[in-house]
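*Asks:* Chain U with the ligands: place on chain C using the hints.
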Amino acid sequence: MNAMNTSHFNSSENIENNKFRYDDFKHLREIREYMVNDKQELCIERSRFITNFLKEKGGLDYEEENIREAECLKNYLQKKKANIFPHELLAGSTTAKRKGIVFYPEYMGLGMWPELATMSCRKNNKYMITIEDIYELDQEILPFWMDKNMLELIRRKVGDDNRGLRLQTLMFLFMCSKYVCQSHTIPNYQMVLDKGIVGIIEEYKERSTVSSPEQNKLFKSFIISLEGIIEYSNNLSKEALRQASQVNDEDRRIQLEKMAAICKKVPANPPTHFWEAVQSIWSTMNALYQEQNNVGFSIGRIDQLLNPYYQKDIQLGLMSRKEAFEILAHFWLKIGDNVPMIPEMGELLFAGTGSNQAITIGGCDKEGKNAVNDVTYLVLDVVELLKVRDPNLNARIRKDDPPDYTRRITEVIMNTGATPSLISDQVTIPALEKIGINLEDARDYAQVGCLEPSSPGRTCPHTGAIMFNLIGALELVLNDGNMLKAKNIGLKTGNILDFETFDQFYGAVKQQIKFILEIATTFNNDLGKILKYLKPQPLLSSLTEGTLDSGKGLLEGGAKYNSSGIAYIALADLVDSIYSVKKLVYDDKIISFKKLHDALLNDFKENDVLYHIIINKIAHFGNGIKEVDDIAVDLINFLYDESRRISNYRGGYYNPGYWSMTIHSGFGKITGAMPNGKKSGEPLTSGLTPFSLGQKSGPTAVYNSLAYLPAEKMPNGMALNMKFNKTLFINQDKIALFTSLFKAYFAKGGMQCQFIIQDADDLKKAMEKPELYPDLMVRISGYTAYFIDLNKHMQKEIIERALMEL
Amino acid sequence: MIKGLIFDIEKYAIHDGPGIRTLVFFKGCPLNCLWCQNPESINPNPELSYKKSKCINCSKCSESCPEHAIIKNPRNFIKNKCKVQDGCRICSKACPSTALEIAGQEITVDELLTIILEDKEYYESSNGGVTCSGGEPTFQWSFVKKFLLACKSNGISTAIETCGYFNPQITEEIFEACDIVLFDLKHLDNKIHVKITGRQNEMILKNLENLISIFKDVDNKKIIIRMPLVPYNDSKQHLLRIEEFLIEKEIFSLVLLPYNSLYKQKLINFRLKRTKLKISSYSKEQLETIKNYFKNIEISIGG
Ligand code: SF4
Ligand code: SF4
Chain C
1 MNAMNTSHFN SSENIENNKF RYDDFKHLRE IREYMVNDKQ ELCIERSRFI TNFLKEKGGL
61 DYEEENIREA ECLKNYLQKK KANIFPHELL AGSTTAKRKG IVFYPEYMGL GMWPELATMS
121 CRKNNKYMIT IEDIYELDQE ILPFWMDKNM LELIRRKVGD DNRGLRLQTL MFLFMCSKYV
181 CQSHTIPNYQ MVLDKGIVGI IEEYKERSTV SSPEQNKLFK SFIISLEGII EYSNNLSKEA
241 LRQASQVNDE DRRIQLEKMA AICKKVPANP PTHFWEAVQS IWSTMNALYQ EQNNVGFSIG
301 RIDQLLNPYY QKDIQLGLMS RKEAFEILAH FWLKIGDNVP MIPEMGELLF AGTGSNQAIT
361 IGGCDKEGKN AVNDVTYLVL DVVELLKVRD PNLNARIRKD DPPDYTRRIT EVIMNTGATP
421 SLISDQVTIP ALEKIGINLE DARDYAQVGC LEPSSPGRTC PHTGAIMFNL IGALELVLND
481 GNMLKAKNIG LKTGNILDFE TFDQFYGAVK QQIKFILEIA TTFNNDLGKI LKYLKPQPLL
541 SSLTEGTLDS GKGLLEGGAK YNSSGIAYIA LADLVDSIYS VKKLVYDDKI ISFKKLHDAL
601 LNDFKENDVL YHIIINKIAH FGNGIKEVDD IAVDLINFLY DESRRISNYR GGYYNPGYWS
661 MTIHSGFGKI TGAMPNGKKS GEPLTSGLTP FSLGQKSGPT AVYNSLAYLP AEKMPNGMAL
721 NMKFNKTLFI NQDKIALFTS LFKAYFAKGG MQCQFIIQDA DDLKKAMEKP ELYPDLMVRI
781 SGYTAYFIDL NKHMQKEIIE RALMEL
Chain U
807 MIKGLIFDIE KYAIHDGPGI RTLVFFKGCP LNCLWCQNPE SINPNPELSY KKSKCINCSK
867 CSESCPEHAI IKNPRNFIKN KCKVQDGCRI CSKACPSTAL EIAGQEITVD ELLTIILEDK
927 EYYESSNGGV TCSGGEPTFQ WSFVKKFLLA CKSNGISTAI ETCGYFNPQI TEEIFEACDI
987 VLFDLKHLDN KIHVKITGRQ NEMILKNLEN LISIFKDVDN KKIIIRMPLV PYNDSKQHLL
1047 RIEEFLIEKE IFSLVLLPYN SLYKQKLINF RLKRTKLKIS SYSKEQLETI KNYFKNIEIS
1107 IGG
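Sequence order for the protein chains is C and U.
Heads up, the first sequence is in this note's numbering, so the first residue is 1 and it goes up one at a time.
Heads up, the second sequence is in this note's numbering, so the first residue is 807 and it goes up one at a time.
The following block holds chain C by itself, in its conformation from the complex (with noise of 0.2 Å):
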């Protein structure tokens, strides 16, 4: 195929009736299967380029950080392998291999030293590795880093004895997400279309010419990180004429022709057609992802940003869409062609996780005009098709949408089982504009990660800065600043038999709750402190609106907005505990606190009729029962305020937000029995889901409290996972139900949904015998995963999450 010159264009092509399949083309499904099926390799690529840069300049004193992480990188870039895989459209990968995982020494790599061995023989998430390069890693490269990567670098900061550093070390309470990445943003992908490299690079080279001298220091490091990419990409194009010099197959040679043409023209320039607008941004991000790690580093609004390109082509039919389809499709699967690298323990927390780079459509334009468009539905299409984890698709809807627009999603969502995840404009953008981003900006937003919400381009969010267990500060508070698993890790704030009224204990716990939050967020920006001198990123920093203006960079504060994120996990199981107490104990005076203290220690063993007093006769949230979803509301305004309060190391504040990705099920392991009737050991609800066992009332009472809450106050996201077994939608007009379901779900307010399409059957085989589910994928809290990458403990979660039956 050539995407640019020959013309397959016919105006009466339909689009809604245009869907494509695999043997449509050549090798779609081969690059597919490749994709998914693959063994992802470690490439130590970049690990090795960058130590051997530092030990040749003699360490990270070399320079001042930013220009020495500039010519770090852009070293590195001029030396990394430029590959074009068999029949790929799109040139150039984030690693050496075809799937691989980058190691990042600096970050966490040091933590997989102990693994080396063994990480290409542990049961999930298998990574394979060479003999040689095991070595490499052992003598060579680990070595080096053994006393400048974040861990060490934070323990010579703040002492052994640091609270922080003891709670992060433990992972009870919170996580602090900098040791791994910092990553959780959008770059400003717009301006690398419209500008293109160079004119990025002038910009900075003009304002050069009046800023002070610190200034020019940091705009220099934009530069030299810039111009790596430019160096990069020109070997890509050389890879092209090398490889049609050699290619026998006729097509092949012209397309390759095409793609050194296109390398030598963006990301540099900016692009005149889609093809090469696509090129461009997966050129860009080639080069981000050497500079730090990939954890939720999101695209942003892909149909906006090549909807301008398309049109263009095909007006002047120089390219059908069914070009467009193949370009878009390869340009999917090479964003899956990295893998977040996980240490084995981290496998328990994180079982699962992908990159969890969101790609956002649907939405509206900056005067608020619905932008829906013609490569939105292409979107849809695309990933209707190939069923693939990464990128993670996320749809805005509006109440001004086209009908075409909800019924595709609906039928994604039949046909893909989980995806696209839906975000409500209503209430997002207002949400965005309180935490003080313009409306012209806030209109604009997109997904980062999981699914929170962030002005895409101009914004430093670190949205996934801190994972808050909600839960662990009850327990703290049953047991008088006591975890199970942890003595004397939190607030003492007193016996829970000495508490006389409800008020007392609610009290106790909002106070345990601050009392971490300092801990957290004090030990967050400790860590933002060494990062700022271990990781500086001016790469990232020059793709970002607001540093040419202010000066700085991004983790000087230099973006636009400055902020970071809290994940505050297991909001329902806080709820519903505390209610389930306030009836018990204070209200109805069903039981002592101190009788029911005992029955959670003993995990219920010795109280089934408690427990079933709890799980069928107190209420709990997700029924639309004002009583306990207020709570629910009080909980969020006390989270919001105690968050916006702190500010970060950045001028920014703490946004909260409630979604869990994996981790509800490795809080849930390390905490005990809770009043809401889960048991010690079992999985905690995850994102905003109400406890399953506790859903009485069918789906749509599920949306009816879910909506009632206040989604201003949740400015870093919200996640509602909703199972639907497939055989509710028999036919065409009950397809249509779902998408009545969701589009009076957040007409009622509601900001946040995602689903999973599954029979239950289905999964339970697929436990039994994994091997014959290698695509079957399921939606966790925000991101989509291949059930079989799961441990079988979330294989067992999903399984028994409330079936939402008619």
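Mixed in with the good hints there might be a few duds.
[Stated by the list, open to error] Footprint (simulated), chain C over chain U, 3 or more residues, beta carbon under 8 Å:
#1 810 to 823
#2 861 to 869
#3 902 to 916
#4 919 to 932
[To be verified] The calculated DSSO-like cross-link candidates involving lysine-lysine, where the alpha carbons are at most 30 Å apart (straight line), are:
#5 U:Lys878 to C:Lys605
#6 U:Lys997 to C:Lys589
#7 C:Lys696 to U:Lys858
[To be verified] If we take Cβ atoms under 8 Å as the criterion, some of the chain C residues that face chain U in the derived model are:
#8 Asn607
#9 Asp608
#10 Ile613
#11 Ile735
#12 Leu737
#13 Lys748
Simulated from the structure, these hints should not be mistaken for lab results.
Using N, Cα and C, we set each Cβ at its ideal position, and we do this for glycine too.
*Replies:* Relative to the frame of chain C, chain U with the ligands by itself:
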């Protein structure tokens, strides 16, 4: 204040009538069909239901029963001592596991309306509404009428599912209170009808005729004819008679509700003694064959 006696409310019902609906199940039915899918609905009084599989054998029910009608657990139940018909709910409140429940809850129009209104947005976005089912909703007509009219004045579309056995004098009122009537035919032959439902079909057919004539050509009003498909009425000969009958009335569609045996567990839970039918569910192929008998009306399989 007038109260209704209901035994269940089902939200997000998407397979009974158009759109997303809330189903309210009323207790009491004049018919007694052999295959009744909701056997707990027939008796117009509250009844105790016991799900053995959920019971944790805690004896809270027997400890709490003032009449000593339960000994240890509801497997030992002395029916004539029980005061459930007089409104006693003590044991079901005491039961922690929901093994013991009472079918038959008194409710006022306002209480019921409040529950219905919780899902108003879903009815609106899907052209759904509320459906009164049962049992036979016309059996408690004065309550049901008030309730449906209250729904209508709140902008909610209304429907009833009826067996057609009601006092012909309320036909006009049904028209007034309902946007949709789901009318269940059982058999055209009176003798067989008596045998399988316990009642004559004369009044049912008459009522159907009247309803059709007043619903006909009225905007936003609809009659949907349904027929439970059971071995007693599924012969080709009878089905063709049904087709002819409907065409005569200028009705050109029919919903078939194939029998299933899920009600058997309910018989056990309610200790109801009924003849257990020795028939199995229809296969896909059987349904296809049956559908093909009809040449001139549109058949859909529902339920
Ligand atoms: S309803 Fe009342 S009388 Fe009957 S068994 Fe229950 S508690 Fe006893
Ligand atoms: S109270 Fe409920 S669970 Fe306990 S014995 Fe009676 S029926 Fe069984």
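*Asks:* Give a verdict on every hint.
*Replies:* Each hint, compared with the structure:
1. 810 to 823: holds (count 6)
2. 861 to 869: holds (count 3)
3. 902 to 916: holds (count 3)
4. 919 to 932: Three-residue rule met by the region 919 to 932 of chain U, so holds; n is 7.
5. U:Lys878 to C:Lys605: 22 Å, holds
6. U:Lys997 to C:Lys589: 61 Å, violated
7. C:Lys696 to U:Lys858: This hinted pair holds, its Cα atoms lying about 20 Å apart.
8. Asn607: 10 Å, violated
9. Asp608: 5 Å, holds
10. Ile613: For C:Ile613, the interface hint holds, since the closest Cβ of chain U sits about 4 Å away, which is under 8 Å.
11. Ile735: It is violated, given that the least Cβ distance between C:Ile735 and chain U is near 10 Å, above 8 Å.
12. Leu737: Nearest chain U Cβ about 5 Å off; hint holds.
13. Lys748: The hint holds - C:Lys748 has a Cβ within 8 Å of chain U, the shortest such distance being about 5 Å.
Of the numbered hints given earlier, the model fails hints 6, 8 and 11; all others are met.
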